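Novice: Use the sequences and the hints to build the structure in full.
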Amino acid sequence: MKNDFRARNHPAYWAFIVHRASGLALTVFLPFHFWALGQALQGAAALDGFLRWSEEPLVKFAETGLVLLLAAHMTGGVRLLMLEFLAWRDWQRNLLAIAAGVSLVAGLAFALNVI
Amino acid sequence: MNRRSQVLLWGAQRASAAVLALCVVVHLVTVIYAVRNGLSAAEILGRTRGNYGWLAFYALFVAAVAIHAPIGLRTILSESTGWRNPVLDGLALAFGVALALWGWRAVWGVFV
Amino acid sequence: MAISVLRVSVWRGAESGAFRTYEVPRLESQTVLDVVTYIQRSLDPTLSYRFACRVGMCGSCAMTVNGKARWTCRTHVANVTAHDRLEIAPLNNLPVIKDLVTDMSVFFNKLAQAKGQFYGSRTRNDDFARVPPDSPQRREADAAIECIGCGVCYSACDVVKWNPDYLGPAALNRAWTLVNDVRDTTHAVRLAAVAGDAGCHACHTHMSCSELCPKQLTPTASIAGLKRMTLAAALKKAL
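Protein chains in written order, with this note's numbering: chain A, 45 to 159; chain B, 154 to 265; chain C, -14 to 224.
Some clues are possibly wrong.
A partial selection of chain C residues facing chain B, derived with a Cβ cut-off under 7 Å [what the hints assert, rightly or not]:
(1) F93
(2) A177
(3) A180
(4) G181
(5) D182
(6) H186
(7) T215
(8) L216
(9) A219
(10) L224
None of these hints come from the bench; they were simulated from the model.
The model shown is predicted, which means the values in this text are computed figures rather than measured ones.
In this text, a Cβ means the ideal position worked out from N, Cα and C, and glycines have one as well.
Specialist: Below is the structure:
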């Protein structure tokens, strides 16, 4: 028999889900990101063509989501590095809140700059 | 894969994570700054064309991602499928090589 | 005066089976073990379950209560029931023998695989080993030493489910106490035993083990210590 959401409903587990989901999403996104930038090899006009498409509001919304995912994955990752490599201390319990806060700030800064 | 290699693979993932933490901070700051007043090829390429600093930075960024992502993917695949064989390792390696090549192609693309 | 009644769903069967509902009178200061015992003695003698000390010392009564692994003798019904309902199932991640009884062989085998035994070099003719209790290593060991092998952490851990070879939090926690035991002579062998895809490196810091450990131990911290030690050994080619 296996665990269901009742056993998984605590902060460190939510952090794991965010970390794994964001990591997977970013891995899927990366090849597309590299392709888009590689358009520059065809000249600035080719890159501009892609960038014009990315001005669509839906794309900007998706980009904001991506920034959030990247920030969340990075801050969550730094939290894990601290838990694994630093001596275990009580203040580390707050790392999760700090990580969440920082990534939200990053996402917000991006969103505010594209609107 | 023997135990020691598995440990070193884990270590490589953590080491590349530390490098990526720094790269991502720089990248996020750059992105947030760059999107002010819209994105244009001229603005991006104006920053990266002929700039050895950005070339080195993004080349390192790509290398770190090409190490970090496939190792994570290998774990996720083995946990969701239950496979535990060299095929998985081969797939991860292939994906890492592909990421590195595509990524360095893009880095070169915005440099020349 | 109306006596309220608990509606208790209990797993009956083995790997395949079903929940059966029983009605149990609700009493003050009742524990979940009291409930299971009432069912077996007064309602359905065919129910199988384990307990021993019934005072929170042995860990035998560990079961899944409302989805979380707990010691049933130390779980007050009042603390876990909502609307007079309870769900009681066997521990997760272990083969079910019958009803609430699991086969813990794999759990104990993994303790052995992780080299969870002490190997010393002194005989009774030697003087006592002198181990300062406030030395850093002894403090690490003491923080993790109180484990009684109840299996709650093993049941709580999802990596155990996803990775059948994973040694699990209890085995790794025990190994950590022993790598920090300065008297032990099998340090290198133990580090090799706990390293790799089935060892400490499979831990994703879910911390379900640390959330549910009835002795408030933190296997996640022990496993992190093992990660550091094994990486250092691997880099020094000592693994």
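Novice: Now tell me if each hint is right for this structure.
Specialist: Do the hints match the structure? See the list:
no.: 1; hint: F93; verdict: 22 Å, violated
no.: 2; hint: A177; verdict: 6 Å, holds
no.: 3; hint: A180; verdict: 5 Å, holds
no.: 4; hint: G181; verdict: 4 Å, holds
no.: 5; hint: D182; verdict: 5 Å, holds
no.: 6; hint: H186; verdict: 4 Å, holds
no.: 7; hint: T215; verdict: 5 Å, holds
no.: 8; hint: L216; verdict: 5 Å, holds
no.: 9; hint: A219; verdict: 4 Å, holds
no.: 10; hint: L224; verdict: 5 Å, holds
The earlier numbered hint that this structure contradicts is number 1, and it is the only one.
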